[in-house]
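2 protein chains.
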Amino acid sequence: MTSTDQAQALELTEDAQDLLFRQARTANSFSDEPVTEEQIRAIYDLVKWGPTSMNQQPLRVVLVRSEEGKQRLLPHLKEANRAKTESAPLVAVLAVDTDFHEKLPQMFPHYPGAKDMWGADDEFRHEHAKLNATLQVGYFILGVRAAGLAAGPMTGLDPAGINEEFFGGTAHQVLVVVNIGKPGEDAWFDRLPRLDYDEVVTTV
Amino acid sequence: MTSTDQAQALELTEDAQDLLFRQARTANSFSDEPVTEEQIRAIYDLVKWGPTSMNQQPLRVVLVRSEEGKQRLLPHLKEANRAKTESAPLVAVLAVDTDFHEKLPQMFPHYPGAKDMWGADDEFRHEHAKLNATLQVGYFILGVRAAGLAAGPMTGLDPAGINEEFFGGTAHQVLVVVNIGKPGEDAWFDRLPRLDYDEVVTTV
Chain S
1 MTSTDQAQAL
11 ELTEDAQDLL
21 FRQARTANSF
31 SDEPVTEEQI
41 RAIYDLVKWG
51 PTSMNQQPLR
61 VVLVRSEEGK
71 QRLLPHLKEA
81 NRAKTESAPL
91 VAVLAVDTDF
101 HEKLPQMFPH
111 YPGAKDMWGA
121 DDEFRHEHAK
131 LNATLQVGYF
141 ILGVRAAGLA
151 AGPMTGLDPA
161 GINEEFFGGT
171 AHQVLVVVNI
181 GKPGEDAWFD
191 RLPRLDYDEV
201 VTTV
Chain B
1 MTSTDQAQAL
11 ELTEDAQDLL
21 FRQARTANSF
31 SDEPVTEEQI
41 RAIYDLVKWG
51 PTSMNQQPLR
61 VVLVRSEEGK
71 QRLLPHLKEA
81 NRAKTESAPL
91 VAVLAVDTDF
101 HEKLPQMFPH
111 YPGAKDMWGA
121 DDEFRHEHAK
131 LNATLQVGYF
141 ILGVRAAGLA
151 AGPMTGLDPA
161 GINEEFFGGT
171 AHQVLVVVNI
181 GKPGEDAWFD
191 RLPRLDYDEV
201 VTTV
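Taken in sequence, the protein lines are chains S and B. Counting in our numbering, the first sequence runs from 1 upward without gaps. Counting in our numbering, the second sequence runs from 1 upward without gaps.
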């Protein structure tokens, strides 16, 4: 089967497949073109519908738009990541709210025991919160691409430093920082290989 | 701004937005219509392009298609999840390969030190592997929807039991189990609310 046949085996149009996955690339430099609040609201309004366990929705987002905000963030990134973040018109600090269960009476109203169920065991709650917020990071990255923007997700950062600077006194913990904007000059490295289906998938 | 205005602020077509996020729902029952290997190969061939840190690609997938495979899996799911998994024509056990770094010489060939960098600290490697594999779970769920299929992701399971049954003697650990198929009768609960933009996003 050629890859065009495969693309046609999906219901999503090939243009949309390209926009989200095949032509989209992790950008390493950005143009000056601003990212509007309207765009970010539209992205959130789309990706908020992605599923989480028991409708937890533990993802929290700090948008770093000001020069002052950038200066608070940059020291906590790996040196190799600072220039690209400095060039991005908008940077999203994506975090997990490990106290997501406080909102379950509102988000999972048909099961009044939900909040207490998650409140009983901190380690269990934190682990599930991280898993579900990370799923939402995946949805968010694709949402940025859905807006026709390039996303540059980064995990090369000092979590303790970012948590203290942006989330001190809260139950939020950074997961990933994502540069957002239109790609700049020489924005891409060569495309790296992907594992074959048979290296990843087995059937029983 | 109305939500139609917001949908139009994105480059992704509204039909594609609906297919992936707005009309797509977590299915709780499935029809008998089979999910073909061609569909799963097309899904993988699309979502493999989603970004991971240093091209780690730690996601591994066991597709449970046979009755025998189902019987190995079901005892390790929460009782409330068993009937829907039993009704699904295909079930994907999504796991992380915490030894992903063994493949980095092939996947990140321009940096020969990559394998040793990740090999030095098991805890650091496992944490990043889980984060990146979970991002890939997010891409995978949307890929299932891109194929016009319903996904039913579940975290209500006994990880130790699944790891022993399916991944004994390997460095793989289950993250999420996803039921896959065409929705059956009464497949959806009522749509649950989502957090507002201002509850999730702050700007600095």
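These aren't lab readings, by the way, just hints derived from the structure by calculation. Any given hint might turn out to be false.
As the list claims (entries may be wrong) - Beta-carbon label-pair distances, calculated as ranges:
| hint | chain 1 | residue 1 | chain 2 | residue 2 | range |
| --- | --- | --- | --- | --- | --- |
| 1 | B | Asp-186 | S | Thr-202 | 31 to 37 Å |
| 2 | B | Pro-109 | S | Glu-38 | 46 to 52 Å |
| 3 | S | Glu-164 | B | Gln-71 | 29 to 35 Å |
| 4 | B | Gly-156 | S | Pro-105 | 16 to 22 Å |
| 5 | B | Asp-121 | S | Asp-5 | 27 to 33 Å |
| 6 | B | Gly-148 | S | Gly-148 | 21 to 27 Å |
| 7 | S | Pro-105 | B | Asp-18 | 37 to 43 Å |
| 8 | B | Gln-71 | S | Glu-68 | 56 to 62 Å |
Bear in mind the structure is a predicted one, so any value in this text is a computation, not a measurement. For glycine and all other residues, C-beta sits at the position ideal for the given N, C-alpha and C.
Checked hints:
1. For Asp-186 (chain B) and Thr-202 (chain S), the Cβ-Cβ distance of about 33 Å falls inside the hinted range of 31 to 37 Å, so the restraint holds.
2. The supplied range of 46 to 52 Å is broken by Pro-109 (chain B) and Glu-38 (chain S), whose beta-carbon atoms lie about 41 Å from each other.
3. Taking the beta carbon of each, Glu-164 (chain S) and Gln-71 (chain B) are about 49 Å apart, not inside 29 to 35 Å as hinted.
4. The hinted window of 16 to 22 Å between Gly-156 (chain B) and Pro-105 (chain S) holds, with their beta carbons roughly 20 Å apart.
5. Remark: the range hint 27 to 33 Å for Asp-121 (chain B) to Asp-5 (chain S) is contradicted by a beta-carbon distance near 43 Å.
6. As the Cβ distance of Gly-148 (chain B) to Gly-148 (chain S) is approximately 24 Å, the hint placing it in 21 to 27 Å holds.
7. At about 29 Å, the CB distance of Pro-105 (chain S) to Asp-18 (chain B) disagrees with the hint of 37 to 43 Å.
8. Range check, Gln-71 (chain B) to Glu-68 (chain S): about 59 Å between beta-carbon atoms, so the 56 to 62 Å window is met.
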